[in-house]
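Take these sequences, add in the hints, and give me the full structure.
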Amino acid sequence: MSAPSVPLPGGTWTLGDLTVTRFGYGAMQLAGPNVMGPPADHDGALAVLREAAELGITHIDTAGAYGPRVTNRLIREALHPYPDALHIVTKVGAVRDEQGGWPPARRPEELRRAVHENLQDLGLDALDVVNLRIGDAQGPQSGSLAEPFEALVELQRQGLIRHLGVSNATAEQVAEARTIAPIVCVQNMYNLAHRQDDELIDELAREGIAYVPFFPLGGFTPLQSSALSAVASRLNATPMSVALAWLLRRSPNILLIPGTSSVAHLRENAAGAGLPLSAEDLAELDGIGR
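Numbering-wise, the UniProt record's numbering puts 116 at position 116 of the sequence shown, and it's gapless, one number per residue.
Don't read these hints as lab results, they were simulated from the structure.
No residue lacks a Cβ here, since even glycine has one placed at the ideal position from N, Cα and C.
Do not take every clue at face value.
[Unchecked claim] Just the calculated beta-carbon pair ranges, DEER-fashion:
no., residue 1, residue 2, range
1, T14, E54, 20 to 30 Å
2, D41, D125, 23 to 33 Å
3, G37, Q196, 27 to 37 Å
4, E98, T14, 32 to 42 Å
5, R113, L235, 46 to 56 Å
6, Q120, A47, 21 to 31 Å
7, S229, R157, 44 to 54 Å
8, D84, A227, 35 to 45 Å
Right under this line is the structure:
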């Protein structure tokens, strides 16, 4: 992998003993419509992954449920054997049904199967980071995560997982997980308009734990805000660039994983995340979700 001509915005962060770029890439959009089936443009999907590596991105986020099993196989086809610096973070705890839903799959035997499928599809002997996805499609749900998380800890003891994290979790579940085993990241929905994890982000930053917002640009319903549009217009930038740049400025432990199926859009995201924001810009943006 050649060195990128322009450094990625945000620098790096350490997940346990793994150093990753704070600007990463989320592979979900490489699957077919509604994250089901193969991509319409197979070669285009491979090109996006290879461009991410060429840009210097060392953090790729994926899940066996994407496709299902589609994005992991694309990652392997595009990038295996992986550069030493590249780290792949995956999720377990949900599967796909024939209707395109995301039913939970958190029994110990289901988690063991999911980890082995990830290993097989990615072509790895051990997974760098595995996030336990809890809650449901509506968001985090209260309740203990001890049984499924302990199942992943056992797979970690067996050498199949290097580091653990949690996804779609309440602050109480994050705290519970940390009483069971160390975690290196929390992956929850968060963006300019959805600020429910502000306190959690600050707490994790003090503890040296990464926070990885999914749907950083609003997800299936893009962010809509007159204040965001006003700042973007003032800076002659896109609203999405401003939203990504704000996240990098929000806290040093925030890692970005915006997804796209377009090489051009990937480059735009990487450039946009480096947009300079003034104190006035930040104050105006901070008011959107409060």
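Evaluated hints:
{"no.": "1", "hint": "T14 to E54: 20 to 30 Å", "result": "holds (23 Å)"}
{"no.": "2", "hint": "D41 to D125: 23 to 33 Å", "result": "holds (31 Å)"}
{"no.": "3", "hint": "G37 to Q196: 27 to 37 Å", "result": "holds (32 Å)"}
{"no.": "4", "hint": "E98 to T14: 32 to 42 Å", "result": "holds (41 Å)"}
{"no.": "5", "hint": "R113 to L235: 46 to 56 Å", "result": "holds (48 Å)"}
{"no.": "6", "hint": "Q120 to A47: 21 to 31 Å", "result": "holds (24 Å)"}
{"no.": "7", "hint": "S229 to R157: 44 to 54 Å", "result": "holds (50 Å)"}
{"no.": "8", "hint": "D84 to A227: 35 to 45 Å", "result": "holds (43 Å)"}
The structure agrees with every numbered hint stated previously.
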